[in-house]
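Peer 1: Here is what each chain is made of, one letter per residue.
Number of protein chains: 4
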Amino acid sequence: MRSRNKIDLNSDVGESFGNYKLGLDEEVIPLISSANIACGFHAGDPGVMRKTLALAKKHGIAPGAHPGFPDLLGFGRRNMDASLEEVKDYITYQVGALQAFAAIEGLTLQHVKPHGALYNMAVKNTAIWGAVAEVLARLDSRLVLVVLAGVNKDELQHIGSRFGIRIAFEFFGDRAYNPDGSLVSRKEPGSVIHDQELAASRIIKLVREGKVVAMDGTEIELSADTICVHGDNPTAVSLTRRIRETLTASGIEIAPMGSFV
Amino acid sequence: MRSRNKIDLNSDVGESFGNYKLGLDEEVIPLISSANIACGFHAGDPGVMRKTLALAKKHGIAPGAHPGFPDLLGFGRRNMDASLEEVKDYITYQVGALQAFAAIEGLTLQHVKPHGALYNMAVKNTAIWGAVAEVLARLDSRLVLVVLAGVNKDELQHIGSRFGIRIAFEFFGDRAYNPDGSLVSRKEPGSVIHDQELAASRIIKLVREGKVVAMDGTEIELSADTICVHGDNPTAVSLTRRIRETLTASGIEIAPMGSFV
Amino acid sequence: MRSRNKIDLNSDVGESFGNYKLGLDEEVIPLISSANIACGFHAGDPGVMRKTLALAKKHGIAPGAHPGFPDLLGFGRRNMDASLEEVKDYITYQVGALQAFAAIEGLTLQHVKPHGALYNMAVKNTAIWGAVAEVLARLDSRLVLVVLAGVNKDELQHIGSRFGIRIAFEFFGDRAYNPDGSLVSRKEPGSVIHDQELAASRIIKLVREGKVVAMDGTEIELSADTICVHGDNPTAVSLTRRIRETLTASGIEIAPMGSFV
Amino acid sequence: MRSRNKIDLNSDVGESFGNYKLGLDEEVIPLISSANIACGFHAGDPGVMRKTLALAKKHGIAPGAHPGFPDLLGFGRRNMDASLEEVKDYITYQVGALQAFAAIEGLTLQHVKPHGALYNMAVKNTAIWGAVAEVLARLDSRLVLVVLAGVNKDELQHIGSRFGIRIAFEFFGDRAYNPDGSLVSRKEPGSVIHDQELAASRIIKLVREGKVVAMDGTEIELSADTICVHGDNPTAVSLTRRIRETLTASGIEIAPMGSFV
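Chains as they are written, first to last, in the numbering used here: chain A, 194 to 454; chain B, 194 to 454; chain C, 194 to 454; chain D, 194 to 454.
Be aware that a few hints might be false.
It does not matter which identical chain is used: a pair holds within one copy or between any two.
[As the list claims (entries may be wrong)] DMTMM-like, lysine to aspartate or glutamate: derived pairs with alpha carbons at most 20 Å apart:
1) 398 x 367
2) 214 x 425
3) 317 x 381
4) 317 x 274
5) 214 x 278
6) 244 x 220
7) 250 x 388
8) 214 x 412
9) 244 x 327
10) 346 x 279
11) 346 x 412
12) 214 x 279
13) 380 x 278
14) 398 x 373
15) 380 x 279
16) 214 x 409
17) 244 x 425
Calculated from the structure, these hints are not laboratory results.
The shape of chain A in the complex, shown without the other chains (with noise of 0.2 Å):
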């Protein structure tokens, strides 16, 4: 797996919903290059997602939707038995209330990346993201989909073909990874990395060799186009804008995934 010289980093926002705040969006939308805007279904309202685009706009930061389940009093982190026409349906819904905002703004979708138990779920079942992926080819087939890497990377890039429209492939700086380049359940003990300079080494090793070292101790080949970050709390922010500031002074452009993937 050779280095790459261009990543993109793409954080949730946009989470906040009526009267509730969450997330420093105006701090952490201006360190990363894809924002995932929350579609109201899981987070997000509208008033929220016209002013994420709005920030997001103003930074020049490249949006993208964040569709979930409808679980706002779960977050949308829960398991939904839904079937794949309820998805297509929520996808397709979703998406296209955030497009109608991003037109206000004379802004295009770039991505779609589905939240929580919606993702978690499409990567154990395949079939979700090719329900995601025929919707996101109807509505905009020039919009990415935002996927696990490590894990059926040629059936995902056979979906993309499939539906002809681009996958991106997003790694977890702050997770720990199966020695079969799956993600350690959150179950197990040590499969968040809490280790501040831990996750940004990974990432910094991720980028220049696609290579990150597994939950036993070998290094697996694992190769990413866009690294998650967050920025719901001070520190999250501050390790943000570290693994930002490194991969910038190692040589790496941190640019939107639409522009090379």
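On the provided structure of chain A, position chains B, C and D as indicated by the hints.
Peer 2: The following block gives chains B, C and D in isolation, referenced to the frame of chain A:
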């Protein structure tokens, strides 16, 4: 007021939600020329929106959005003290969501008609019509805004000109009118006309002569582009069928509003 | 298994929501002995709960709570990956809300029967039955917990003893059973019995002989305290009426579960 | 108006929802004597209700219900054109749900204070206070109804007598008053008092002298049983702490309203 040779028939459809069925859409859609499709806030859900658009497409009926307040429990019929900015955001969100389903079906939305309390509040406060018009202009200036005929005509025409969108004026055959062209409040006795023959004959008179007999017996001039008909129950559907047949027999063409306003 | 001289008939009622009507409650309530009233999460709303309790009171039918997942869009029929703590909180909230309406009517709730996916998940994971039982014990230990007959009987009796509440076992006349006493999955052909005569005769056999003919033709023993009947449509109501008449004609008393379990 | 030796401090708590945190409940609850707990319509959720009651119990604070309109998106702050019957149903549902969590904790609710727009609408339309009072009388006549001090005192006392429930009058230290005892509208400049010292001194004056200086500089008599304090942010908490200390230093006992009204 001269006679017209074209009129639009519109009806609120796609009001089912999840396991709840409402309205005889399969029966009423073939009888109308414009379908006002609920968008998930006061009624409708993503799956219902998709199916209703497919039904409109099958019968060649022009689809439009029927956005309402976020009040499923009250079916969007309760006034809510929402700001103009909130109204604009709610319209953007809902119309955008329906546009996405339309795009997937290869359809373009023809019109937008606010629902229930939002419509009634706009009738009393034209700033709301202005807010809706502004959104339509920015989303797709081909969208026709459906407003109540009889009051504020000049101001509404001005709103249309200002934002560069077309306005369609709507008449209710089953509602009594005040001599000033406004609707008699539902709280007044006699405000709703239950006599089918009478409602049908009022519609014919409106279309042929541009006149309606007001509550006090005076005949007033009223110009309308579209007639609101219903499909909630078998009686409503048969009344709609009768209205359609009478209009056609009178040499009046039933055509989607977007083709002539 | 000996014959019984008393049986309860329960039905899911109060499932309307806002402007949406569902179920022929006025017709089915007089035919049953226990009413499972939806509590606003998957169906029902505050006004519907009040009216349904008034209807139960009028006909002297024992009221109970029918709590479900917070998934109105899916009618509570989709499995949700909720924690046991969330399940307990959802049960507490919904049963408490219904208890308040009962208090206002001078009624006391007799039972609690989880709805849809929550019921089905409990059948596969008895820890959920335990969580529900724990809540009932703390809210009102007179509340009877309705569970599926045929499987885990000893464990369920043990849960009842442990928390000091009574358990009522439920039989479905319109569902096929596996030889082990479990329900045949709805995904299997033949899982739902549409033949009215057959469903009625299975119920009579169950009540008289304590036996049911399983999917493979073998006759298995099954003991149940309450039979689930339906009131969704005129056919269901007439089947319920027929079941009631046949049981009564056989000398079997139809009585609320709380009077004999 | 004579000085009082007891006063209640109440605060809106339990306003978090799902993944959204709101308010410094852990800090403000120990400082107050009555906790108004949101019930899931405008804020709060089943788990939050449980945890907030546990917190109130831990600190020996009297718990009460803080029911609002079903408008999570608007945080219950937008007027809704709900009927009196709907208001009664919403109060019953929410208070009942909280009563269940209280029962599980071995607690009894002390009071009910409607939230936001519901409270404000009741101030302008005492029929709403009557509707709420009627529900409380039927649910548990020990429940104290919290109303705005300063206006309609006789009528409110009469409502209490009529339904056999106690009324507690509430004062806002951070709001300006009109000479007639009503609150200055939030739309007016100077309606909210941001000066901590001033707010604290107004509360002390109210408690000691039964007087408040109105917007026009005149001193008016005002009698109140409970003071609304805030815990939204660190500044609000420190103001609440200061108010508490000043009252205590003045020999005024801070006691739950239910113990003296």
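Peer 1: Against this structure, judge whether each hint is valid.
Peer 2: Here's how the hints hold up against the structure:
| no. | hint | result |
| --- | --- | --- |
| 1 | 398 x 367 | within (13 Å within a copy, 55 Å between copies) |
| 2 | 214 x 425 | both (10 Å within a copy, 12 Å between copies) |
| 3 | 317 x 381 | within (17 Å within a copy, 24 Å between copies) |
| 4 | 317 x 274 | both (13 Å within a copy, 15 Å between copies) |
| 5 | 214 x 278 | between (32 Å within a copy, 19 Å between copies) |
| 6 | 244 x 220 | within (14 Å within a copy, 32 Å between copies) |
| 7 | 250 x 388 | neither (32 Å within a copy, 38 Å between copies) |
| 8 | 214 x 412 | neither (40 Å within a copy, 40 Å between copies) |
| 9 | 244 x 327 | between (29 Å within a copy, 17 Å between copies) |
| 10 | 346 x 279 | neither (25 Å within a copy, 36 Å between copies) |
| 11 | 346 x 412 | within (18 Å within a copy, 51 Å between copies) |
| 12 | 214 x 279 | between (29 Å within a copy, 17 Å between copies) |
| 13 | 380 x 278 | between (30 Å within a copy, 17 Å between copies) |
| 14 | 398 x 373 | within (18 Å within a copy, 55 Å between copies) |
| 15 | 380 x 279 | between (28 Å within a copy, 18 Å between copies) |
| 16 | 214 x 409 | neither (39 Å within a copy, 37 Å between copies) |
| 17 | 244 x 425 | within (17 Å within a copy, 23 Å between copies) |
The structure does not agree with the numbered hints 7, 8, 10 and 16 stated previously, though it agrees with the rest.
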